[in-house]
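Asks: Assemble the whole structure, with the sequences as input and the hints as a guide.
Keeping their order, the protein sequence lines are chains A and B.
Numbering (our numbering) for the first sequence: 1 to 151.
Numbering (our numbering) for the second sequence: 1001 to 1362.
No lab work stands behind these hints: they were computed from the structure.
By construction, the Cβ of each residue, glycine as well, lies at the ideal position given by its N, Cα and C atoms.
Sample of chain A residues with no beta-carbon within 12 Å of chain B, all distances over it, derived: (1) R25; (2) A27; (3) L29; (4) A32; (5) A33; (6) P37; (7) Q108; (8) S109; (9) A116; (10) L118; (11) P120; (12) G123.
Negatives, chain B to chain A, calculated, CB over 12 Å: (13) A1015; (14) A1017; (15) R1023; (16) D1026; (17) G1069; (18) H1126; (19) D1138; (20) G1305; (21) L1327; (22) E1351.
Derived DSSO-like pairs (lysine-lysine); straight-line CA-CA distance at most 30 Å: (23) B/K1110 with A/K140; (24) B/K1331 with B/K1065; (25) B/K1038 with B/K1065; (26) A/K92 with B/K1038; (27) A/K20 with B/K1038; (28) B/K1038 with A/K135; (29) A/K135 with B/K1110.
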Amino acid sequence: MKDTSDENAPRKAWMSLLAKAPEGRIAALLHAAMDPPKFTWLRPPEIGSAMVRARAGGTGAPFNLGEVTVTRCALTLETGEIGHAYIQGRSKADAEAAALVDALMQGQSSETVRAAVLAPLEGEASAARATRAAKAAATKVDFFTMTRGED
Amino acid sequence: MYVAVKGGERAIENAHAWLAEERRGDTSVAELSIAQIKEQLKLAVDRVMAEGSLYDPDLAALAIKQSRGDLIEAIFLIRAYRTTLPRFGATEPVGTSTMACDRRISATFKDLPGGQILGPTFDYTHRLLDFKLAADGDVPEAPTREVTQHEVPHVTEFLNREGLIEEAPRDDTPPPDLTREPLEMPADRALRLQALTRSDEGFTLGLAYSTQRGYARNHAFVGELRIGAVAVEMDIPELGFAVEIGEITVTECETVNQFKGSKTEPPQFTRGYGLVFGQSERKAISMALVDRALRWEELGEDNVGAPAQDTEFVLYHADNIQATGFLEHIKLPHYVDFQSELELVRKLRREAGADQVPEAAE
Chain A
1 MKDTSDENAP RKAWMSLLAK APEGRIAALL HAAMDPPKFT WLRPPEIGSA MVRARAGGTG
61 APFNLGEVTV TRCALTLETG EIGHAYIQGR SKADAEAAAL VDALMQGQSS ETVRAAVLAP
121 LEGEASAARA TRAAKAAATK VDFFTMTRGE D
Chain B
1001 MYVAVKGGER AIENAHAWLA EERRGDTSVA ELSIAQIKEQ LKLAVDRVMA EGSLYDPDLA
1061 ALAIKQSRGD LIEAIFLIRA YRTTLPRFGA TEPVGTSTMA CDRRISATFK DLPGGQILGP
1121 TFDYTHRLLD FKLAADGDVP EAPTREVTQH EVPHVTEFLN REGLIEEAPR DDTPPPDLTR
1181 EPLEMPADRA LRLQALTRSD EGFTLGLAYS TQRGYARNHA FVGELRIGAV AVEMDIPELG
1241 FAVEIGEITV TECETVNQFK GSKTEPPQFT RGYGLVFGQS ERKAISMALV DRALRWEELG
1301 EDNVGAPAQD TEFVLYHADN IQATGFLEHI KLPHYVDFQS ELELVRKLRR EAGADQVPEA
1361 AE
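Replies: Spelled out as structure tokens, the structure:
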């Protein structure tokens, strides 16, 4: 993990949340809350890859594990805010929605967008995580010691 | 030698049309959807992503459908697609110690922080065909339990206070990339791990099994095996900071291996490492065993001449796309090569005084 100055921490958090949203979810939440704002492309959505790295032994020297598909884009709102998106997968619509939310979060309507988009996304993501973790916990072994015959 | 020969276009077109029809099969049977493959043949999807070296479950599912379930053909499709993608960069190394574990077991330590979590495993099933699956059936929701321990540290992190297990000290050397530079010997561990994680599961399993049977002294315990989701974080140059760009499921295996010491290393347990895309513990364990066998030189062990110790042999034959490409090319027309071989054999036979030279069909 890279150090991130406090100034960037909130943006880093929402971009990370947006990148992991289920397909179509960001646009659905955004459109339910407001008419999507007008924008111009700085970089239209582009599909590419990122080479995922890992460390030998989990902690040692890095090696290349394989690539992951990524879609990125950048746009400018009429009010001047610039939104970026780098998201896993090949959905240009999702990248657009993520960049729009990133831009909106830097403007006047950030509180509305936080409540309408980020909060539900965060809630859904943590609920999904918790469900999976609870199913995993149910498969945790509780060891007990058998009484040995000769005792 | 190849010469251009015209002809066969119609035969090829018709063959492809028939392939498409055979792929679809009986049209009175419902067609498979990509979503069905992705959800219900997940381990096949995972294998295609791991050996195709591209994490994208939708594409892997599509490749499986297109290849009629021939996974090596599907891997080939993914490898070919991968080459068309511009690369935006490399990610930060994934943090497997903060994995959201679906499964986490250790064969060496019974009571360990985080516990033994079995997850959705085939282990302990009876391996009897379940005819209920042949009929439609609703699956009851899996039981849940309150999560009491959120941190699941690596076994080697907390069990190494005595220094009995080899450390994997942090190092930030940029790794070589065999998708950018041809794989050349000698291959350092980073390159070997990259080759092994995308290597053929069957080949890797066979080699790993050979080390267990004695072809390379390599008595391995599974120190830890974990499967789960890790965040993928990448530095975004235009922003000047790193963000998570997604989340992937990986399988990680750490083996601890007996090691009686060498001229350069004290007696201690050494480690092998396996990490693969998706859920594939057979592949991850195999990778860890082969990784450990290939480390003989840096640990100052003897080369006992075992196949799994031979880096060149292992790495140059582990890639199923290279292997199948070379293997299957011999079925393509070699008419001229064979014609010249035929002439040569006829000539040799004449010189050897062999009587009748039968006319061969051409």
